[in-house]
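These protein sequences, in sequence, are chains A and B. Counting the first sequence from 1 gives a position; this note's numbering is that position plus 194. Counting the second sequence from 1 gives a position; this note's numbering is that position plus 1214.
It should be emphasised that the hints constitute simulated quantities derived from the structure, not laboratory data. Predicted model, so just to flag it, every value in this text is computed and none were measured. Be aware that a few hints might be false.
Label-pair restraints from in silico Cβ distances [to be verified]:
# : chain 1 : residue 1 : chain 2 : residue 2 : range
1 : B       : T1234     : A       : E262      : 35 to 45 Å
2 : A       : R258      : B       : G1255     : 37 to 47 Å
3 : B       : S1228     : A       : P202      : 35 to 45 Å
4 : A       : L278      : B       : T1242     : 16 to 26 Å
Here a beta-carbon is modelled for each residue, glycine too, at the ideal position from N, C-alpha and C.
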Amino acid sequence: EAGVTQFPSHSVIEKGQTVTLRCDPISGHDNLYWYRRVMGKEIKFLLHFVKESKQDESGMPNNRFLAERTGGTYSTLKVQPAELEDSGVYFCASSQIQGLRADTQYFGPGTRLTVL
Amino acid sequence: GDSVTQMEGPVTLSEEAFLTINCTYTATGYPSLFWYVQYPGEGLQLLLKATKADDKGSNKGFEATYRKETTSFHLEKGSVQVSDSAVYFCALSATGGAQKLVFGQGTRLTINP
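One chain only, chain A, in its complex shape (with noise of 0.2 Å):
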């Protein structure tokens, strides 16, 4: 079973330029979540997709960024226009619905995302 993947690896963009990241969870489940590290911080999460449902974007740092989920499969997490602080490794997980305990999140490698 594929894992969760996440596209591109790297990213290096100037100041003010747009960038898109793009997070394919495991086949079938529904919780998507994407999560940032900035300069060896703790992870912080963002927000939080059932199916093609926000549940909880209660993370997002601001109107500069816009996550989607068409059709409940692959995400996109959009920055425009991208800020220096933006720079971090942005990961995405998936997980299962499973009653009322969490489920375990499967994470992607992440996107490492340079602002300059």
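Model the placement of chain B on the given structure of chain A, informed by the hints.
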């Protein structure tokens, strides 16, 4: 809000040494607790988990026990190997279905031969 505090690194040990990485948490209710590991050049992998008090998670020689009385989930291994060199993250998820993970800051572990 919920939070996780992890032992600051980096940590450097010799092969076959005993390892402890401390992790404490603050949360309401009964969270699930996790240790994730990131090996060089790879993504995050679940190392072990515990979903209720006094549960012990174990994998690859690593162990951690969910201690509600001390709100802790310390990671231990009796004899580390060079291949254990990685960044280790403690995390929790709140009670109630699919919930976001709240992570500690990560501990970089280096094992010297």
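Quick rundown of the hints versus the structure:
{"no.": "1", "hint": "T1234(B) with E262(A): 35 to 45 Å", "verdict": "holds, 43 Å"}
{"no.": "2", "hint": "R258(A) with G1255(B): 37 to 47 Å", "verdict": "violated, 29 Å"}
{"no.": "3", "hint": "S1228(B) with P202(A): 35 to 45 Å", "verdict": "holds, 38 Å"}
{"no.": "4", "hint": "L278(A) with T1242(B): 16 to 26 Å", "verdict": "violated, 36 Å"}
Hints 2, 4, counting from the list given before, are not met by this structure.
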